[in-house]
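Participant: Using the numbering used here, the first residue of the sequence shown is number 1, and each one after it goes up by one.
These are calculated hints, taken from the structure and not from any lab test.
Cut-off 25 angstroms, straight-line C-alpha distance, at most; resulting in silico cross-link-like pairs (BS3-like, lysine-lysine):
1. Lys5 - Lys78
2. Lys42 - Lys78
3. Lys5 - Lys42
4. Lys13 - Lys46
5. Lys42 - Lys13
Distance ranges between label pairs, derived from CB positions:
6. Asn21 - Gly58: 17 to 25 angstroms
7. Thr67 - Gly33: 13 to 21 angstroms
8. Gly70 - Thr47: 31 to 39 angstroms
9. Ser60 - Gly10: 16 to 24 angstroms
10. Leu24 - Thr48: 14 to 22 angstroms
11. Ala62 - Gly33: 18 to 26 angstroms
12. Lys46 - Gln7: 14 to 22 angstroms
13. Gly16 - Thr48: 14 to 22 angstroms
Just so it is clear, CB atoms sit at the ideal spot from N, CA and C, and this is done for glycine as well.
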Amino acid sequence: ISGAKAQFRGFGKINGASGYNFILTVIDGALAGDGASKFRIKIWEKTTGAIIYDNEPGRSDADNPITPVGEAGSVIIKK
Numbered sequence: 001i002s003g004a005k006a007q008f009r010g011f012g013k014i015n016g017a018s019g020y021n022f023i024l025t026v027i028d029g030a031l032a033g034d035g036a037s038k039f040r041i042k043i044w045e046k047t048t049g050a051i052i053y054d055n056e057p058g059r060s061d062a063d064n065p066i067t068p069v070g071e072a073g074s075v076i077i078k079k
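All chains should be modelled from the sequences, with the hints used to inform the complete structure.
Facilitator: The following block contains the structure:
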């Protein structure tokens, strides 16, 4: 957690098969000052690095996310 940004990295399974990593990055819009919470999730194969899913393809993992959470959701970062 750094200010309005939080990033979580981990690993898991897809359809019962292990060997996948993920990164979830969120921005708390209220803390950022613009009111728009944003998120990014990227999932890739651990051994090959092949990307399975990325809602912001081509962007660096260090970039702030640009995808809005949407009307029905919000991000709240608590330390």
